[in-house]
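Participant: In case you want the letters, here they are:
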Amino acid sequence: MPPEPRRVDGWIGFGVLLVAGVSVPLLTRDSYHLDVATVILRNLLLTMSLRYVMSTGQLNMAHVSFMGIAAYASALLVTRAGWSFWAALAVAPLLAALAAVPMGRVALRVSGPYYFLISFAFLEVLRLVFNNFFVDYLGGPSGLVEIPPPHPLLLTGGAVTFIGKLAQYWLMLVLFLASAAVLIRLECSRFGLVNGAIRQGELLAETLGVNVPRYKLGAFVLGAFFAGVAGVFFAHSQRVLHSSDFGLEPMVLLVVFTVIGGAGSVWGPVVGTLVLAVASELLRELHHYELLVYGLVLIVVMLCFPDGLVALPGRVARRFGWGRAKDGASTLGAGVAP
Amino acid sequence: MLLELREVGKRFGGLQAVAAFSMTVRAGTIHGLIGPNGAGKSTVFNLITGVLPVTSGEIHFKGERISGLRPSEICRRGIARTFQATTFFREFTVLDNVMAASHLAVERGFVKTLLATAGYRAREAAALARAQDLLDAVRLQDVAGRRAGALPHRDQKALSLAIVLATGADLVILDEPLAGLTTQEGEDAMRTLQALRADGKTILLVEHDMRAVMGLCDVITVLDHGVRIAEGVPRDIQANPAVIEAYLGAEDTRA
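Chains as they are written, first to last, in my numbering: chain U, 1 to 338; chain G, 1001 to 1255.
Just so you know, the hints here were simulated from the structure itself, not pulled from any lab data.
We put the CB at the ideal spot given by N, CA and C, even for glycine.
Each hint can be trusted.
For the chain U half of the interface with chain G, some residues (derived, Cβ under 7 Å), not all of them:
1. Arg185
2. Ser189
3. Leu193
4. Ala197
5. Gln200
6. Glu206
7. Thr207
8. Leu208
9. Gly209
10. Val210
11. Asn211
Turn these sequences into a full structure, and let the hints guide you.
Facilitator: As structure tokens, this is what we get:
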């Protein structure tokens, strides 16, 4: 029996990410370029994990808050408790996931616009906590400063340091690829099917044997964990945390990246994040108006391509009747598929 | 006795939609639930499958009380249903619909899935083979790769049946399985249902096509205004004055 096509597509896509990620340092050592590439990887981790939550029909506006929880937790564990960065990297995302359990339980009592509003309330409350409470620990409005970079990793061949842009890029790449492997694997497994089933018909999925609240909570918590991974890296690469890093603006950007790419496919956030990263470089002159352009792009994409840019090649192919276009849920979509 | 409803009642505010309704469905039969529009047939389905909680009474399946359980738990005990409206996942391909349904009811470890252990892969392959068998059985094998939302009506009906069967349910509950089908398609669908009965499945259905109901069902329960007014074999039901009155209304009593 031939292997399931979904799984094959998944590994091809992962291979492309791997090759692309590894080739960046071979193509450029320019510290600005590496910086941009590192931020892109961090955003990819955030959008791919956000999309996993969204794949169960939850537009979780508090996603970036879990990044914040892990970022502050990791910074405090390292600066106050004297932990190693690596121990904090292992524990802080788990703390974010743990915090997600009660929050998810509350949010899942409602759905649709009410879910959006409750998660938005979580976002604002946590931002205010970061900003106004425990100022001695969290740094208050002036931010939490003097977070050390990742500690050197002692290997048999000697110590590896993580001071320069290049080393940080490699670290982020490893974190991203490990997380992406899990998220892609899940998408290509029965979890992808079940999540998609829940998004399309919650009641039908429930009567077919899915404990819907449990799956939604699972996705919410898993998303929080990976947002936490990004948060730990964020804390120790920026080395300063402000509450605004985990507020509405970065959250809206994540949603825009994900939706423009297409939340229906695991590759949507990849396409959206990359396209808008390039656009952002081109729009650098516009400063504050950049967000305005994003808003316009979002409206246009929603009106013209509701499935996102990732579904575009398939639509074009169908429109012109090229080949036997897969009119199923596009498993790979843009970039790689013909 | 596969399924037993004991004095089941459902009240929506001031409206008693179903009142002290009792019904037993024997294993291996096709059981029809009929009644005029608004009689409470769909409500009964919703009560059995846990979509709505019962207000009073109890429902037992295979000797175990199922009223009060989540719909997913009821499904895992062997009851699956179709809905009148959307009863498949539009964005999925036909094959993925059936795969999803056969996965949904099976709990497999998160870590096992992630690592794709040998046992996991073997079960995946078995699920795929089973899904293809099911598509063969409802004659959808040629459209397995198409998006479900784009299927013609007959194929959508067949797909919703395949999905329900994919859960492995012993009791299959069908809400108007013949609605919208041509005469020929309807006869094919009836043959499929009879084949399922021969396979040992139990079928409970709501259907408005009386000829089909009379030809297909072993037992028929008649519901009117939330109350059971008759139950029996088709011949008795057709001759029952209360049933005739419920269907034809007051005119018949005046005659």
